[in-house]
Amino acid sequence: MVKELFSSLGVDCNILELDQVDDGASVQEVLSEITNQRTVPNIFVNKVHVGGCDRTFQAHQSGLLQKLLQEDPAYDYDLIVIGGGSGGLSCAQEAAALGRRVMVLDLVVPSPQGTSWVKHNWETMTEAIQKHVGSLNWSYRRALREKAVAYVNSYGEFVEHHKIKATDGKGQETYYTAAKFVIATGERPRYLGIQGDKEYCITSDDLFSLPYCPGATLVVGASSVALECAGFLAGLGLEVTVMVRSQLLRGFDQEMAEKVASSMQQIGVRFLRKFVPVEVQQLERGSPGKLKVVAKSTEGTEMIEGLYNTVLLAIGRDSCTKKIGLEKIGVKVNEKTGKIPVNDVEQSSVPYVYAVGDVVEGKPELTPVAVQAGRLLARRLFGGRLEKCDYINAPTVVFTPLEYGCCGYAEEKAVEVYRKENLEVYHTLFWPLEWTVACRDSNTCYAKIICSKFDNDRVIGFHVLGPKAGEITQGFAAAMKCGLTKQLLDDTIGIHPTCAQDDVGVTFRMWFLRAELQYRQLSVNSCRFLPVGRCSPPWRSRSPRGWTSCRRAAEAKPLLSRSLSRCRFCEDDVLSGKPGDSVGARRRDSSSAVHPPG
Amino acid sequence: MHQAALLGGMIHDASHYGWKVAQPPHDWRKMAEAVQNHVKSLNWGHRVQLQDRKVKYFNFKASFVNPHMVCGVSKGGEETLLSADHIVIATGGRPRYPTHIEGALEYGITSDDIFWLKESPGKTLVVGASYVALECAGFLTGLGLDTTVMIRSVPLRAFDQQMASLVTEHMAVHGTRILRGCTPLRVERLSDGRLQVTWVDLASDKKDTGTFDTVLWAVGRVPETRGLNLEKAGVRTNPNTQKILVDAQEATSVPHIYAIGDVAEGRPELTPTAIMAGRLLAQRLCSRSSDLMDYDNVPTTVFTPLEYGCVGLSEEEAVARHGEERVEVYHAYYKPLEFVVPERDASQCYIKMVCLREPPQLVLGLHFLGPNAGEVTQGFALGIKCGASYQQVMRTVGIHPTCAEEVAKLRISKRSGLDPTVTGC
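Protein chains in written order, with the numbering used here: chain H, 1 to 598; chain F, 599 to 1023.
Hints are supplied without guarantee of correctness; some may be wrong.
Below, in silico cross-link-like pairs of lysine to any residue (SDA-like), each with a Cα-Cα straight-line distance of 25 angstroms or less [as the list claims (entries may be wrong)]:
#	chain 1	residue 1	chain 2	residue 2
1	H	LYS147	F	SER1011
2	H	LYS147	F	LEU777
3	F	LYS933	H	SER139
4	F	LYS628	H	PRO211
5	F	LYS1012	H	ALA143
6	F	LYS618	H	THR126
7	F	LYS618	H	ALA143
One-sided excerpt, in silico: chain F residues whose CB lies under 8 angstroms from chain H [claimed, not checked]:
#	residue
8	HIS610
9	ALA612
10	HIS614
11	PRO837
12	THR839
13	VAL938
14	ALA979
15	CYS984
16	ARG993
17	THR1000
18	GLU1003
Derived DEER-like restraints, expressed as beta-carbon distance ranges [to be verified]:
#	chain 1	residue 1	chain 2	residue 2	range
19	F	ARG919	H	PHE454	33 to 39 angstroms
20	H	TRP138	F	SER751	55 to 61 angstroms
21	F	LEU605	H	ASN443	20 to 26 angstroms
Please keep in mind that the hints were generated in silico from the structure rather than gathered at the bench. All C-beta atoms, glycine included, are put in the ideal place defined by N, C-alpha and C.
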């Protein structure tokens, strides 16, 4: 156990196994004389006797062990962090707060278009945005200065063990050494590798500092970056097309991903599914200019062409691990992805080199995750703490025009891990109050929770598509961390909107209906014959302990019973032969299952 | 209407984001019509739902004849006698008119009326310090109307007082005139049809007058128990509040008669609480379960221009219950990202989490002041129901960028005396 502790701290140990040497017993005698301890393990650090297993762990907890290990005057710094992003800064600041000598090496290499994202310039909006980004950068630098962290605007790369070369913007080189290193270099947008991509296409790095409006835009990609950019460009009134090679929002719940896409289609975003660009030509220069994109179908030989003012590539991000000398010191890197595999304490294959943030393999690529990981890493290395970063149940939100927030498992993943029969999925459509008066659609906003039957119906996945999904999801994520179950959800009272008389407020509440996993359909209009959203609220049949199945909700749909033949608001005669279903046909025996249409 | 007012603010912000808009005027009539239609449709929806469940709905005014019998009087005056095994009283409350103030009844309106006004209320005096008063004053100000709030003693009495004062501070900074420590004496109508209100400043005893188009009373609500003839059934009420006394089963002093919602004594006057209590009661009556309603940790939100969401104990309550030494309060002033570009003032955007000091530091209460407070608070209310500790909340990774993530980043305690302003991201 102690061996593992030292290994995780990146400390080289000299291990003498007393049962494997001839004079083991005599050694034990001598040890007992000098240390008053007969048992093993018996641990010495830098010639200081620490004790056995318990004492060593205690020393680790209290920080004493760190102090003993810190006798490294051979190094310039206790810690060098390569990369000044979220993960890097958080780690550096925490370590500095714990009294260590820390350096951060940070240099943003300009994108092929020439914009390092810190420069700014683009009409009123980008000017305001860049002002904000600038003030953030300034406050980061100040925070580092206040904690006496050496911030160096240079490109760092390893030259040998424990030593890096820092090259500044002018090409001047300086060398630094440190006991420990953290790689937090993050990622940069990937290019397609086709003709014209680097010359004529932009990436998200460039978008926020573009000095002119991008005009009609083709967004290539299906990541959250792609959809978010496409979404806000469309919201600003631009003509937007999204070209998707295969899946949308890979890694996310696919039912939710499709709903996100259809909500974007509702605001005019055009999707070209199953195509990849093969060439980008410039037809006209300008701000913006005119570009022609030739694309090929992934399912056949079809070729299409399109004309756009701007082509925005958002096909993924590549880790910045290629040119930082990792091979010189033997840090293992995934050849294909460029990411660094680490263990559960963020340690790479080289014990004194750690990695946090987007550059790490297999972890969610999110700012707060990097911040948390960086902070906890610093505490473990220098603060005597043991807490590891919990990557499970890291909530995330896709900021498309209609936001999608989630925490925990996607439904497909849950089915894969837990098996369908061990899961229960509860879902609902909901109609935000602010949409009612505005006559927006009542069948778009959607939420579902995935519960593990084995585990007391514990909520293992939460998904919501609706306004302010981020604000909503945060609290649920905290609740999931505390072991939220379906029962507790039921027992918690919602923060509510309307009461017929005092209609003052609005917010979102979760209404849950039990649904057999295979019966997913749920429609909500009470006045079925009205244009959606015009008059009636969606059916919120909040189920009590004896859960109403979604079948009941479907039955309840033509809620206007026989004695009320006219809808009060639309004056439609709801019982007479309207095309489609009649009231009677929809009613079913409650014991039979409802099959989803189609 | 709160949403209508918020949208006005967003239109103003839009120009900072590059939208070329002039601030348009607000059409009260159009908004009122839309709101009224929505409320009517809700009523309609409820009626239809009852029909479908085969619940007999009578449009009668009911009162007790004896413990098992109720007399219902229709609009036409016809009486019907109905008897039942179990009876549930859920008559709710109505806004109170301060009838001791001359002219209050004749010239003032209440929240019942404000949403049904066909014309804009114009320059309005809102009397009261409840959330109803502040919410109404808030959205009226947001719609561009000259609004004054008159508070006799403290705003939002039942809420955390630090938060309450931040709420009113925000309103004052954003154009609502707040008169503290004043109470009206009389309301008179002037020859031009406007209303003249005379009030007294309780501290200095000085009188003052003001002219308004509308006076809105939001001075509390009374339970609807007077016309019920409760004595005929033997149901007891609290003589001070006139609310019906109930036990944990929602039963009144008569075993088969129950009371839920605003009419019951000691219950939070909130819609979802009534809904849940009603549902659980029905299940118990039908022997489907024996679960009782849990009134602890009910989350709520005050929909003032800057919204205030809360769940659990206020700081004062926590200190009163556990003692100051055993309570730790973590807090932060933060700036919502959506305030940055339009350069909105975020001085009152504030969060505090009240916890026990002893590890693992159980969360006793959470208070959030900022945009979308309801959305933020709901999930954390679930967490508190699960017995969340401060450690667990801190271990929850934040969602970036949101306001809610600031809850999971609360590090500064009041006790430390350090500056709780969040910097950077």
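Do the hints match the structure? See the list:
1. LYS147/H to SER1011/F: 20 angstroms, holds
2. LYS147/H to LEU777/F: 46 angstroms, violated
3. LYS933/F to SER139/H: 14 angstroms, holds
4. LYS628/F to PRO211/H: 40 angstroms, violated
5. LYS1012/F to ALA143/H: 22 angstroms, holds
6. LYS618/F to THR126/H: Distance of about 15 angstroms is within 25 angstroms: holds.
7. LYS618/F to ALA143/H: 37 angstroms, violated
8. HIS610: Check failed: Cβ of HIS610/F comes no nearer than 14 angstroms to chain H, outside 8 angstroms.
9. ALA612: 10 angstroms, violated
10. HIS614: Hint holds; HIS614/F Cβ to chain H Cβ min 6 angstroms, cut 8 angstroms.
11. PRO837: Interface hint status for PRO837/F: violated (26 angstroms vs cutoff 8 angstroms).
12. THR839: Violated, because the Cβ-Cβ distance from THR839/F to chain H comes to roughly 19 angstroms (cut-off 8 angstroms).
13. VAL938: With a closest approach of 5 angstroms, the VAL938/F hint holds.
14. ALA979: Holds - the Cβ of ALA979/F comes within 8 angstroms of chain H, reaching about 6 angstroms at its closest.
15. CYS984: 4 angstroms, holds
16. ARG993: 6 angstroms, holds
17. THR1000: 4 angstroms, holds
18. GLU1003: 6 angstroms, holds
19. ARG919/F to PHE454/H: 33 to 39 angstroms: 38 angstroms, holds
20. TRP138/H to SER751/F: 55 to 61 angstroms: 45 angstroms, violated
21. LEU605/F to ASN443/H: 20 to 26 angstroms: 23 angstroms, holds
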